[in-house]
Amino acid sequence: MTWDIMKPLLETATGETLRMVAWSTLFAVLGGVPLGVLLVLTDRGGLLRNTVVNKAVGAVVNVGRSLPFIILLIALIPFTKAVLGTYIGAEAMIVPLSVGAIPFYARLVETSVREVDHGLTEAVQAMGGSTWTVVRKVLLPQSLPSLVAGLTTTVIALVGYSAMAGTVGGGGLGNLAVTYGYQRFETGLMLVTVALLIVLVTALQLIGDLAVRGLARRGRARTT
Amino acid sequence: MITTTDLRKVYRSRGREVTALDGVDLRVREGEVYGVVGRSGAGKSTLIRCVNLLERPTSGTVTVDGQDITRLAGRDLRRARTRIGMVFQHFNLLTSRTVRANVELPLEILGLAGRERTRKALDLLDLVGLADKANAYPAQLSGGQKQRVGIARALAGDPKVLLSDEATSALDPETTRSILALLRDLNRRLGLTVLLITHEMDVVKAVCDSAALMKGGRVTESGTVAELLATPGSELARELFPVGGDASTPDSTVVDVTFLGETAAQPVISQLARTYNVDVSILGAAMDTVAGKQVGRMRIELPGRFEENVVPIGFLRERGLQVEVAGEEQAAPVVEAVR
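Those protein sequences? They're chains W and D, same order as listed.
Quick note on the numbering used here: the first sequence kicks off at 1 and runs consecutively.
Quick note on the numbering used here: the second sequence kicks off at 1 and runs consecutively.
Honestly, I wouldn't trust all of these hints.
[What the hints assert, rightly or not] What follows is a set of in silico ranges between Cβ atoms, one per label pair, in the way DEER data are often shown:
| no. | chain 1 | residue 1 | chain 2 | residue 2 | range |
| --- | --- | --- | --- | --- | --- |
| 1 | W | Ala56 | D | Ser13 | 20 to 30 angstroms |
| 2 | W | Asn62 | D | Leu72 | 33 to 43 angstroms |
| 3 | W | Ala56 | D | Tyr11 | 51 to 61 angstroms |
| 4 | D | Gly143 | W | Arg213 | 52 to 62 angstroms |
| 5 | D | Gly114 | W | Pro78 | 50 to 60 angstroms |
| 6 | D | Tyr11 | W | Ile198 | 48 to 58 angstroms |
| 7 | D | Asn135 | W | Ala56 | 44 to 54 angstroms |
| 8 | W | Ile5 | D | Gly114 | 57 to 67 angstroms |
[Unchecked claim] Here are the simulated DSS-like pairs of lysine-lysine, each with C-alpha atoms no more than 25 angstroms apart in a straight line:
| no. | chain 1 | residue 1 | chain 2 | residue 2 |
| --- | --- | --- | --- | --- |
| 9 | D | Lys205 | W | Lys137 |
| 10 | W | Lys137 | D | Lys215 |
| 11 | D | Lys215 | D | Lys160 |
| 12 | D | Lys133 | D | Lys120 |
Just so you know, these hints were derived from the structure itself, not from any lab.
A virtual CB, placed ideally from N, CA and C, is assigned to each residue, including glycine.
Build the full structure now, drawing on both the sequences and the hints.
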C-alpha cells in the first residue's frame, strides 16, 4: 500500500479518534466531577452524609468500572441505538465511551477531592459558607492539579477504549488497524497506526503534565 | 457575650460512647480575652467548635451576642457564623489563592462586590501588618505570617467575637508572643471579644483577662485571672505562677504567699520575722505581670510544724495576703461555680 492511499485513510481515522475522545472526555468531566464530589460529600464525615445515596452512587460507579469495556460496548448497543438512532460510526461510539469514562473519572475525582485538607472545609464553614461554597471555593480549586492529572489518565484510557470501539464499527485508528492491518495483512499501515497512537498518547500526557505543573506551582512556590 | 449552659457532647462510635463535654457552663464577658486551658483530650477543642456549631452539642445551649446559636440551622446559622471569626492552629489557608484572595474569601461569601472586597482585604492586611504580602501565596509565608493572614481573614466579617483554636500552638515562642500581642491589640482597638483555647499557660499569662481550666470534659475552675490568683488552692493560679522549692527539714511548715496589687508593696516578711521572732527562709519567689497586674508569689519556710505556726500564718492572712500551707491544699479543693 502506498503512502498516497494510506494518507487519506489515516487522516479520516485520526479525525474520528480525536472526535470520539474529545466528546467523551467532555461527558466524562460533566458526569464524573459531580459524581466524584457527591461520593465525597455523602460519605461518612462528609458535609451531606447520606449512606443510602453514597452506597447507591458507589454501586453504580463500581458496576461501570468493573465491566470490561468491550462488554460494555456491546451491551450498550440497544441504548445507543435508542438515543442516536444508530450504533455504527464514530459519533455513536461517544455514548459507550462516555458511559465507560464517567465512572472511571468519578473515582479519580473522588480520590482527588478527598485529599483536600478537611481544615479548609471547616474554615469556610466557620466563615458562613454553604456546602455549595465549600465545593466551589475549596474542594474544586484546591484539588484542581490533581483533577487535571486524573483527566489526563482518563483521556489516555479513552484513546485505548476508542481503538476497541473501532472493532465494532466505531471507526477511528482502531478500526483502521483491525480492518487493514490485521485482516488484510497491511503491516505498513499497522505500524504507522501504532506510531500515531504512541505520538498521540505521548502528546496528551505531556500536555497534561505541563498543565498540572503550571497549576501546582502557585501552591508550592517558595521565596528565593 | 458568649454563654454556654450545661453543654454536653457525646460521641458515639461502634456502640461506644465518649463524653467530650460533660456539662460545661462558660461565661465570656464582652470585650475580654478568655482563655480555656487544659491538656489534650480535656474537651477544650470540642468546646470552642460548639460555639460556632462546627460541632453540634448533644444538649445544652450556646448563646453568642444574645442569640441562641444552637437553635439555628441552614441560612440563619451561616449568617450568624459570619459574625464569629475563627483562627486555627494550622491556619487553614487556601494554597491555591493569594494572601489577598484568602482574605477576600469570607467577603465573597458575604456577597461584597469585587472592588470593595479588594479594598477591605487590603485594609485588613494592613491591620495585621502584612500589606506588602498581599500578592504572595501562603506557601511563601512563615508560620507567623500565615497566622496573621488567618486573623485578617477571621476579621473580614467585622465579627464581635473571635474564636482562637490553639492559634499559637504551631508557632515558636517569639512568633507566639507577636501573635498574642496582635490579638491583644485587636481586642483593645476593636473591642473584640476573644475566646481562645490553648494548652500553654504562658498564653493565658500574656493575654487573658479570664481563664477556665478544663479536665475530662468539665470546667473545674474559672474566673478572672485576678480572682483565680486570689483563690486558695487554685490549680490554675499555681500553674500560672509556679514557685519551686522543697522544705529543708520535715519539721517545718512550707507556706505559699501570693501578693496581689498593693499588697505587693508591703514589707510583710520582715514584719513577720520581727513581730514573731521567727526565722523565715525563702524557698522560691517570683514577681510577674499577669493580665496587666503586678503579682508576686513566694514560698517561705517557717521552722516547726503547722500547729506551732498558726499565729504567724494568721498574721499573713490578716495583712490581706493569700496564704496556702503546703499539705493543706489537698484538703480544700476549690471549684468555683460560674454564673
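- Of the hints given before, which are not true for this structure? Structure breaks hints 3, 4, 9, 10 and 11.
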